[in-house]
Every structure is written in C-alpha cells, then in structure tokens.
Amino acid sequence: MNKPVPSAIWAVTITRLREFIRQPEAVFWVYIFPILMIVVLGIAFRNQGEEKKSIEIAAGPGAAKVAEWLAVEPGVETTVRDEAECRERLTSGKNTLYVLAKDADAKTVEYFFDPTQPDARNLRADIDRRLQAAAGRTDVVSASDRHVTEPGGRYVDFLVPGLIGMGLMGGGLWGVGFAIVDLRIRKLLKRFVATPMRRTDFLGGIMISRMVFMVPEIILMIACSWLFFGVQVRGNWLALIAIILVGAVQFSGIGLLVAARCKTIESASGLMNLVMLPMWTLCGIFFSWERFPEVVHPLIRLLPLTPLIDSLRDVMIHGASFWSQWPELIAMMLWGVVTFAIALRIFRWHA
Amino acid sequence: MEAVRGIDLSIAVGECFGVLGPNGAGKTTAIEILEGLMPATSGSAEILGMRWGRDDRQIRQQIGVSLQETELSERLTVRETLELFRSFYPAGISVEEAIARVSLQEKTNTWVKKLSGGQKQRLAVATALVGDPKLIFLDEPTTGLDPTSRRQLWEIIQTFADQGRTVLLTTHYMEEAEKLCDRVAIFDNGRIIAEGTPRELIRSLGAEHRIEFSWSGDWPGTADQAISSVKGIESITHDDHTVTLTIDHPHEVLPPLVQKLLESGVILTNLATRQASLEDVFVSLTGRHLNEPDEVQPEKVAGEVAE
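Chains A and B, in that order, give the protein sequences.
Residue numbers 1 to 351, in my numbering, belong to the letters of the first sequence in order.
Residue numbers 352 to 658, in my numbering, belong to the letters of the second sequence in order.
Among these hints, one or two may not hold up.
[Claimed, not checked] Simulated DEER-style distance windows between Cβ atoms: (1) Ser267/A to Glu448/B: 40 to 50 Å; (2) Trp349/A to Glu447/B: 28 to 38 Å; (3) Glu447/B to Pro24/A: 46 to 56 Å; (4) Pro498/B to Ser267/A: 33 to 43 Å; (5) Leu274/A to Leu360/B: 38 to 48 Å; (6) Ser361/B to Pro24/A: 49 to 59 Å.
[What the hints assert, rightly or not] Here are the simulated lysine to any residue pairs, SDA-like style, with alpha carbons at most 25 Å apart: (7) Lys187/A to Trp403/B; (8) Lys465/B to Ile185/A; (9) Lys263/A to Ala391/B; (10) Lys94/A to Leu123/A; (11) Lys530/B to Glu546/B; (12) Lys187/A to Ala396/B; (13) Lys187/A to Asp483/B; (14) Lys187/A to Ile507/B; (15) Lys464/B to Ile14/A; (16) Lys187/A to Asn374/B; (17) Lys187/A to Gln470/B; (18) Lys485/B to Val193/A; (19) Lys458/B to Gln23/A; (20) Lys458/B to Pro24/A; (21) Lys107/A to Thr138/A; (22) Lys465/B to Val27/A; (23) Lys465/B to Thr138/A; (24) Lys465/B to Ala179/A; (25) Lys187/A to Ala391/B.
Hints are computed from structural coordinates only; laboratory data are not their basis.
Quick reminder that beta carbons are idealized off the backbone N, C-alpha and C, glycines included.
Model the full structure from these sequences, guided by the hints.
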C-alpha cells in the first residue's frame, strides 16, 4: 500500500524540479527569455546584403545630376534634403554619409562622413565608384566577382553558441546559487541538517536537478535557432552534448561557491552579478573576445565562460571534433572541481 | 558574550520536559545545542547515550526536530514535503502515517502555501515525526497560534509522549507547560532559575492560591495596614494597579479581607481568586512578567557566537 521510500538524492532532485516548474517566472527566465534573445538579436543583426543602400543628397543645383548618376547601377536609393538637415541627420547618426554637389553639372562633389566608422568609409568608396563610373570613367582592369559564402558565417550562427554559453552560466549561478541561499534564508537548510541527511546527497540532488532542467533549455535554444534562422550544428552532436554537460557542471560548482556563505538574497545577487558581469562583456557572447587588446587575452581565456563558448563555436560552426577540444574541457573541469571543493569546505550549513 | 551559561539539564526517557522563559532567555540556544545545530563553547551534550561530535548521524536518526522559524517550501504539497523528509531517514514511519498523526489527511495534496498557520505548524511537527524518533525537540510549537490550533497540537504532542517517548519543548506559554510537561526548567538571562515539576515549583511559592484586586481612586494610607491584619496571607505584591496576595485558603481569607478593605475606604473595581501558576513562579523569582518585552536579546548574540 505504501510507496517505497525514494533515496535522498532522488528526493532532493525531484523536489527541486517540482518547485521549479511550479514557479512560472523561473520557467520564463530559463526557457522563454533565451529564445527571445535569439529571435530579437537574430533579426536585428540579420545579413542585409540584398538591401538597397540609402543615400542622402544635399539640395542644390547639382543634386538632380548626382541622383541621376547614382540611379545608373541598381542598389542605391537616393533622397534629397536640405543641407542643414543632412548635416543634422549625420551628426545624430540617422545617416552615415551625404553627398553635396558644388555645381550644376556635379563636376565637383563633397562627401560628408565620419572616417572613424568603417561603414562610412565603405559607403564613401562605393558611392564614389558609382559616381565616377556613371560620369564616364572606365575601368582599366577587367574584374569579376566569385561569391564564397561560408555556411555558419552569419552573425546569428556566431551568436547562438554565445547565448547557449550565457544560458549555462546564468542557469548554473541562479539555479544552484539562488536555490541554496533561498533555502538558507528560510532556515530549511538548518532544518535539513537536523535530519540524518547526507550533505553530498543534498548537493548532488541540487546539481542533478539543475542538469535536468537545463536539457529542455538547450534543446529549445538549438531548435528555435534552427527553425527561425536555419542555424545548424556542423560538428558531432555527442561532442556538443559533452561540452554542454561539462560547462553546466562548471557553472554549478561556481554557483555553489557563490552561495556557500551568503546569508541574504541581496548579498548573493550582488556577488552573482560581480561574477557574471565581466564574463558577459569579455568572454565573447556577442562579439569575439579577440577584439580586446592582446595584453588582456590571457586573462580573458582564464575566465570560465571563454573556453565554453569557444568550444561550442568550434563544434557548432566549424565542425571541430570532440578530441580537439581537450584543453577547453580540462579547463572547465578544473573550474568545476576546484569551486565545488572550496564550496564544500566553506559551506555555511547552520546559520 | 554567551547566550547560555552553566546549564546543567538532564531529561529522563519518556518524559515531557518544558523549557520556559521570556524571549531572549536562551531557550533556543539551549535546545539547538542539544539538537546538534550549534556547538557548545564548553561542556557537552549527550543524547540517548550518544555524544554530539562523535555519533552525530546516529543521534540524528533517533531525534525529530521542529525549529522556530522554518519556512517549508510553499509550492510543495503536504505529502511531497513529508516524502522529502522521510527520504533522509533510513528507517521511519510511512508518509501516510505521519500525515494521519497530525490529522492532515484532507490536506495531503494541498500546497503548503494554502495551509493555515496551525496546519503549517502541524506539518512541521509531522516532519519531526516521520523518522519515527525516540525524542522530539519542539521549539515554541504553538507560538502565534489560535487556541483551537494550540489545543490540536497539544493533543499530538500528548499522544507522542503517551507512547513512552521523550519530548523537549520550549514555550513562553505557562498553561502549555502546565498542561503538557512532566517537568520544566525556567530560563532567565541564559541561566536556569528553577527546575522541577510544575506542581513542585508552584508549591515552592508557599501557597497555591492567589487573590488579585484593583481599585479606583486613591489608595488610602490605612489600607496596607488593613490587609496585613488579615490572617492567612503569605505574601503581598503591590503595584500601581493591582495587589496580589498569596494565600492557601481563599474561603478563610476572603471575607475578612473584603470587609477590611471596604472599611478603610478602598473602592474595589475588580477582585478575583485563582490557583497559583508557573507565571507566578517566574514573577516571584525575577520580579518581571514572562511575556514582558526584554531589552536584551541574547538569542541574537548567540547566532553570531556560533559562527
């Protein structure tokens, strides 16, 4: 009649899962939010190769001529505006460049742009070439284009592994760290210690439950980015799963360490932000960390999120093999083991 | 600073023992040392022949604990909560049995969030019972509960004690201690100031009855002398609003007392007799009432000492 008694580690795991799915806000942050990020960023940074360039021309006697010349080759849209307005729009970032013809034949033109912006420099070169060609300059060298587009070369392909890494980091820190501080504040941790519960069962259960609710999170992220943007995993799926698991273990250990002594939610969330903030910016979630000056590269590579994202990208985008990722995997395992061991030593069970 | 000092307590198997005292007297500290949740800076605590620091796991298998301010998970049901606690014990009673012992059968599948204060407290006691302990510690199990809930908990504790098991509870409700406890220890400022059965302690006052009265208008100067002239009064306490007399035989003292008071011009507004209580024991030992707010909060200090 009575159900058999479950083992403690299983009971803790299932309890955490129940508490998690019964909290709609937690489900939103873990499952829905990362997908929204992918969709929003994927749309904002989609490749715009097919789109027309929109060029502004300052009103004046030669404006019509410039517009006529720019219309010779397809791909440019022109608008004529007051010069003051063009200038104002340039300084406020609404356009990147405008053209001013100095005479009615447009034999002398001026380009207004900010040379520190690569986009503006490219546009200047392109517009100038179009104008010169339309005005009669002939090319000396005959050139033709052969397009080589690497699959996985779009921004969204770069972004998805970054966001998976970010999700694993946030999930580990919040899912493990926050859960423990919450139990401590409610004196439940103390209440558990008054039972014969093994502490390893408890911590093991917390970590396993985190691994379990990570699975749908990752599947949803990969599935949605494939569905909406056609992002593909080029490497081995098993390698990808192994990297994700090691990454999740690593951040569970860090979450445990962050929560080891915190007595209030405020101190815990402060500490978590302190840990996560540098990694959000430095570790290459949204852009490659190689853009930072070379002197800080060794420092960035020491951070736990860097090897995770690098290795996810290598496998997902470049199809790298599992074994080629051994330095990253070892770095992550070290992070996990060391933080777990320190956390266990300094853990505050009673107060 | 120490929250408790020089505490020497022994509790017999099968006894229901009460630790009484005002807030901040060190009750929680004392009970948490016995529960193994706080290390004693000196001295030792032995439970069922086992010693903290050496046999911790064995002790924990034999005891059940209900702490003062535990917040059980709101989004778990009664059954799920008890399943979790049951999983920590190698042996114990079934979850259904634990639910039955605290009469929460109808709430088995209800979230903790939706339970009343009394039901939550019963669930907390059930988590202490689920490992089938020989000894339970209950830290202020009925604080803040309405009278009905309090009586329900008393019954649960009484049933447990009737099985020949040991209960150690703290309380600042006198009637709770008098009703449940075989023996009590009264704590004040981290020390035990009295220990014994409730009856013994009350008897130690010298007389088992109390007369209390209050008056309106001025207190006539001759009234004090008038009271002292009445035979059979053991002691008199007099404050701004009430006079309390300790006596043995109300029927002998009352008629002459009332007569003398009226003669000396006291306008009585209220007069009552009652049996002496543990509250009176506390008042006679400390000069304060039990539930008066205390300025010092040694229990807080204790939390920091224990780090």
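Evaluated hints:
About 41 Å separates the C-beta atoms of Ser267/A and Glu448/B, a value consistent with the hinted range of 40 to 50 Å. As the Cβ distance of Trp349/A to Glu447/B is approximately 30 Å, the hint placing it in 28 to 38 Å holds. Distance hint check for Glu447/B and Pro24/A: the Cβ-Cβ separation is about 31 Å, which falls outside the suggested range of 46 to 56 Å. Our hint of 33 to 43 Å for Pro498/B and Ser267/A holds, since their Cβ atoms are close to 40 Å apart.
For Leu274/A and Leu360/B, the Cβ-Cβ distance of about 46 Å falls inside the hinted range of 38 to 48 Å, so the restraint holds. Against the hinted window of 49 to 59 Å, the Cβ-Cβ separation of Ser361/B and Pro24/A comes to about 52 Å, which satisfies the hint. Restraint check for Lys187/A and Trp403/B: the C-alpha separation of about 21 Å stays at or below 25 Å, so the hint holds. Between the alpha carbons of Lys465/B and Ile185/A the distance comes to roughly 21 Å, so the proposed pair stays at or under 25 Å and holds.
Taken as a hint, the Lys263/A and Ala391/B pair is honoured in the structure, with Cα atoms around 22 Å apart against an allowance of 25 Å. For the proposed pair Lys94/A and Leu123/A, the alpha carbon gap of about 14 Å is at most 25 Å, so the pair holds. Proximity of Lys530/B to Glu546/B is assessed by CA-CA distance (about 16 Å); at most 25 Å being required, the pair is judged to hold. Pair hint Lys187/A plus Ala396/B holds up; C-alpha atoms about 23 Å apart against a cutoff of 25 Å.
Simply put, Lys187/A and Asp483/B have alpha-carbon atoms about 22 Å apart, close enough for the 25 Å limit, and the pair holds. Of the supplied pair hints, the one linking Lys187/A and Ile507/B holds, its CA atoms being roughly 24 Å apart against a limit of 25 Å. With a C-alpha separation of about 19 Å, the suggested pairing of Lys464/B with Ile14/A holds against the 25 Å cut-off. Between the alpha carbons of Lys187/A and Asn374/B the distance comes to roughly 19 Å, so the proposed pair stays at or under 25 Å and holds.
Restraint check for Lys187/A and Gln470/B: the C-alpha separation of about 19 Å stays at or below 25 Å, so the hint holds. Our distance criterion of 25 Å between C-alpha atoms is met by Lys485/B and Val193/A, whose separation comes to about 18 Å. Our distance criterion of 25 Å between C-alpha atoms is met by Lys458/B and Gln23/A, whose separation comes to about 21 Å. Proximity of Lys458/B to Pro24/A is assessed by CA-CA distance (about 23 Å); at most 25 Å being required, the pair is judged to hold.
About 16 Å separates the Cα atoms of Lys107/A and Thr138/A, which keeps this hinted pair within 25 Å; it holds. Between Lys465/B and Val27/A, the direct Cα distance comes to roughly 22 Å. Compliance with the 25 Å bound is thereby established for this hinted pair. Distance hint between Lys465/B and Thr138/A is unfulfilled; the C-alpha atoms sit about 83 Å from each other, more than 25 Å. A threshold of 25 Å between alpha carbons decides the hint, and for Lys465/B with Ala179/A the separation of about 22 Å falls inside it, so the pair holds.
For the proposed pair Lys187/A and Ala391/B, the alpha carbon gap of about 20 Å is at most 25 Å, so the pair holds.
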